[in-house]
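Following the hints, position chains B and C against chain A.
Chains as they are written, first to last, in the working numbering: chain A, 1 to 368; chain B, 1 to 385; chain C, 1 to 309.
One thing to keep in mind: the hints can contain errors.
[Unchecked claim] Only pairs whose alpha carbons sit at most 25 angstroms apart, straight line, appear in this in silico SDA-like list of lysine to any residue: (1) B/36 to A/38; (2) B/214 to C/122; (3) B/302 to B/287; (4) B/214 to C/275; (5) B/91 to A/312; (6) B/147 to A/43; (7) B/256 to B/199; (8) B/104 to A/314; (9) B/214 to A/151; (10) B/91 to B/211; (11) B/91 to C/233; (12) B/91 to A/302; (13) B/227 to C/138; (14) B/227 to A/151; (15) B/376 to B/308; (16) B/104 to A/302; (17) B/214 to C/132; (18) B/104 to A/52; (19) B/306 to A/328; (20) B/36 to A/323; (21) B/270 to C/226; (22) B/214 to C/124; (23) B/195 to A/145; (24) B/256 to C/267; (25) A/177 to B/340; (26) B/195 to A/152; (27) B/302 to C/55; (28) B/91 to A/268; (29) B/270 to C/131; (30) B/198 to A/152; (31) B/91 to A/98.
If you are wondering where the hints come from, they were derived from the structure by calculation, not from laboratory data.
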Amino acid sequence: MRAGARAMLHRLRQDPRARWAGLALIVVALTVLPFALEASVGRTWVRIIDLALLYTMLALGLNIVVGFAGLLDLGYIAFYAVGAYAYALLASPHFGVHLPWWLLLPMGAVLAAFFGVVLGAPTLRLRGDYLAIVTLGFGEIIRIFLNNLNAPINITNGPQGVNLIDPITIEGMSFAKTNTLLGISFPGTHLHYYLFVLLAMLVMFVCIRLQDSRIGRAWVAIREDEIAAQAMGINTRNIKLLAFAMGATFGGVAGGLFSSLQGFVSPESFVVWESITVLCMVVLGGMGHVAGVVLGALMLATLPELLRHTAAPLQQQLLGKVILDPESLRMLLFGLALILVMLLRPAGLWPSPTRRRELTSARAPGTL
Amino acid sequence: MNMGDLSVHLKTAVVGVAAATALALAGCGSKDEAIKIGHAGPLTGPVAHLGKDNENGVRLALDEANAAGVSIGGKKATFSMQSEDDQADPKQGPIVAQKLVDAKVAGVIGHLNSGTTIPASKIYHDAGLAQISPSATNVTYTHQGFKTAFRVMANDAQQGKVLGDYAVHKLGAKNIAIIDDRSAYGQGLADEFEKAAKAAGGQIVTREFTGTDKTDFNAILTSIKGKNADLIFYGGMDSQAGPMMKQIKNLGISSKFLTGDGGQTAEFLKLAGDAAEGAYASSPGVPLDKMPGGKAFAEKYKGKFKIEIQLYAPYAYDATNVLLEAMKKADSTDPAKYLPILAGITFQGVTGNIAFDENGDIKGGSISLYQAKGGKWEYLDTVGG
Amino acid sequence: MAIFLQQILNGLVLGSVYALVALGYTMVYGILGLINFAHGEVVMVGALVSLSVIELLLGANLGIPAPLVGVMALVIAIGVCMTLGFSIERVAYRPLRRAPRLAPLITAIGVSILLQTVAMLIWGRRYHTVPALIPPTPHTFAGATITNVQILIILVSALIMAGLMGLVHFTRLGRAMRATAENPVVAGLMGVNINRIISATFVIGSALAAVAGVLVSSNYGIAHYYMGFVLGLKAFTAAVLGGIGNLPGAMLGGLLLGLIESLGAGYVGDLTGGFLGSHYQDVFAFLVLITVLVFRPTGLLGERVSERA
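Next comes chain A alone, as it looks inside the complex (with noise of 0.2 angstroms):
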């Protein structure tokens, strides 16, 4: 039977309308999902996934500098709080500078390719762990300089954040306002839903096609083996710094994209954790591979979200009273998460399969 069953998804797959409707499917589903999730479970949803489409673009974003070049970087958020401040500064009461979204999401990420390579460029001397904690130390510089560049001239406004950011508006519908097109009535989230989704495909797209590009190779002969990498004539340094830029430019444009959707920032969302969640997303999912990381990515963002909602009724349910609260289940299960997945499928949930090949085969040493 499994044989029949194989054969026949391998005839699917090879027959081009079969493709198409396949392609057609997940569009529809996708087009449909918020007003579906509205129905069943509530709008909040809708938002949630707006965020975990965010985190999938940083996790993108990370997965260049960490999954196609190797290089660790536990610094990551700094790049997401470059292009959100940068969107919240000039599209904001706090200047009175209100540029247009279209125009801020590229300046964010050129702004945060540029701090990629000012951050990578102490780095490119450092191996392994070093890289790590230098990093690391880059994204803490980021926000505490956030925090405090409110005096003595107010650039940041500090811990207070910047309040009543801009909602993106295209063609006078705002994005943070339910608008009615073509008789259906949208909702701010559900318009923040479809441009993310668009945003992040976008993304998936530009990291696919950088994968298999002369510079996707090159990262990945810098990440099995630097020095066997110059030896063949790869200018690593600036592969390297092209590495931190790319990623960081994604990390810029999600930036951006969170100040438009909460309309409020400030250096408490930019704290060490988040760079760490990011990179559990990175490894959890599938480190390398697009699509293993873009699951990682979702499961990591809504699965917290969908224990909050269900632990505590579902205790009060069966048990008659909840033992564990949500946030606590939840914390013990993210960290089990972590240590199962990895001594079950240490190379993540969704290897690529060249990845799989090299793990179940030979004993690789050593590599990353």
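Relative to the frame of chain A, chains B and C by itself:
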């Protein structure tokens, strides 16, 4: 894509379906006729004890209302609370706010920190839902032009002003050192204090900074010692203020110590131990035992929850009651109907007289001052109100 | 001058604690090449366990003199932490010895979260006050004050460090540890039981963590479930500063980090006219680290890690 990937797909799909089922089941669980009042605050994390305290205050108010048998819109009203944990995280604030809006609560008491209250207020405003914060003191919260945002305690501008004045005029401080914990609350309060102290004629010898996760303040305290300040003002919470007092005494610093409502807690006295002696702190409102209903409230609270009031429970209690009062007066739980009533209401609560100004701030908010003596907070004075 | 001396003392006390915790990080890294993220949490467990023991013994009113209560609490805390360290290694790290390098890092993060949550469930979310078993009488000399507990911290840390150096350089176990750190495969061929040595390393590191936890909680008088995270990060920074895998490096890094933080917080404000100040105190340490690493990429005293292909 090979068989192995397919099995992973299947596994993922199974997990997804299971999760969705669980979610649906959980959603089906609670369908009752009670009027839901939402509460949002940190139920986990470093200030969880304060979030729980607020929740207790709301619960007490709702239980009493249920026992007293309130009728709204011609029907007997039963109230239930939906309490959500925002972890004091600005990102979680809007998420739990959306959750409460989706759950169609009639009103929200929350959040605790200004950092979560401000972003969440946007969600409540967009949904037209009334939000009363029992403890967020950041000025921005009520200055966003939201007609749904209220608070029942004096904000940082009022508190900072009173403290600055008090420090210079009543405590006779000439050289003042200011420390803040670089949080939205601490920095906001410290800035207001600095303005008021300077206006009153005091000299600020230095501004030092720490963080909400720090326990070692020796370096900044030593630096302050070298500048011979006669008063140290701390803008921050009890979890830092307590150890800070200890270190001040250990370093042999004899300056007076003044802090805001974040430090005016039983926790501060416990953490600082003997070193707390002589510390000054302020708190909005009047002390519980100076209010006619205050002592009774404290006893009710202790009797029900078996622990002492932490800090803001009386405010959460009053906030809930003023919300219920507005609903009663409007004879409806529809925010569109009771919000205008709430904006103009006058209500006698355990914390004092509650009436809101055009921003949603409490009118005539009073600030009381206390001094730690013999392991207890001794009431000194009330300003304003 | 008195202020300067005080800041130096502050830095030494802070640094001694960092050094103690950094030793645990560096030992594990030297042998396994693994950043043991959960190490900070072991410190926290040590502090909370000793607190519970103290509260139990004092509450039972058995008339045991306070210093003895402290010693008993310390011993029990060490025991618990050693068991904890041993279990963590066996359950979470040993199966991943041949896995991709990032896998044990993620497991370590998972263990860290798990320990924090369990601690939160057992001990609650409050900040606990640690009773002062040794009266923290301040001693003053040359205008600077230092309490009994702080003197104890510096002394105990110094003694432990000396002891550890002695262990590593003058005992068979130490020789085996150094051999494993240098090249585990060859050490195994020479008859060293690698698994036992690795376990021993974790156990010793955890014992040190327990001592650090007890000292820290006694010094500041508080303990809570989140206290290990930031301490762990700082200690790791210290270990890297000194040269990871390097015992004297960890000690040097720890002390240096403490001094930098202290002097930085105390003086940078004045030196830059208030532009930078104590609000950037966390930044100084990182900036120094980055500068050092730019010029000496393997830390101040160089690194000693096993040969990895």
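To see whether the hints hold, each was checked on the structure:
no.: 1; hint: B/36 to A/38; verdict: 20 angstroms, holds
no.: 2; hint: B/214 to C/122; verdict: 23 angstroms, holds
no.: 3; hint: B/302 to B/287; verdict: 16 angstroms, holds
no.: 4; hint: B/214 to C/275; verdict: 22 angstroms, holds
no.: 5; hint: B/91 to A/312; verdict: 21 angstroms, holds
no.: 6; hint: B/147 to A/43; verdict: 23 angstroms, holds
no.: 7; hint: B/256 to B/199; verdict: 20 angstroms, holds
no.: 8; hint: B/104 to A/314; verdict: 21 angstroms, holds
no.: 9; hint: B/214 to A/151; verdict: 22 angstroms, holds
no.: 10; hint: B/91 to B/211; verdict: 20 angstroms, holds
no.: 11; hint: B/91 to C/233; verdict: 24 angstroms, holds
no.: 12; hint: B/91 to A/302; verdict: 14 angstroms, holds
no.: 13; hint: B/227 to C/138; verdict: 21 angstroms, holds
no.: 14; hint: B/227 to A/151; verdict: 21 angstroms, holds
no.: 15; hint: B/376 to B/308; verdict: 13 angstroms, holds
no.: 16; hint: B/104 to A/302; verdict: 22 angstroms, holds
no.: 17; hint: B/214 to C/132; verdict: 20 angstroms, holds
no.: 18; hint: B/104 to A/52; verdict: 24 angstroms, holds
no.: 19; hint: B/306 to A/328; verdict: 22 angstroms, holds
no.: 20; hint: B/36 to A/323; verdict: 23 angstroms, holds
no.: 21; hint: B/270 to C/226; verdict: 19 angstroms, holds
no.: 22; hint: B/214 to C/124; verdict: 19 angstroms, holds
no.: 23; hint: B/195 to A/145; verdict: 23 angstroms, holds
no.: 24; hint: B/256 to C/267; verdict: 23 angstroms, holds
no.: 25; hint: A/177 to B/340; verdict: 23 angstroms, holds
no.: 26; hint: B/195 to A/152; verdict: 15 angstroms, holds
no.: 27; hint: B/302 to C/55; verdict: 24 angstroms, holds
no.: 28; hint: B/91 to A/268; verdict: 9 angstroms, holds
no.: 29; hint: B/270 to C/131; verdict: 10 angstroms, holds
no.: 30; hint: B/198 to A/152; verdict: 17 angstroms, holds
no.: 31; hint: B/91 to A/98; verdict: 23 angstroms, holds
No hint from the list above goes unmet by this structure.
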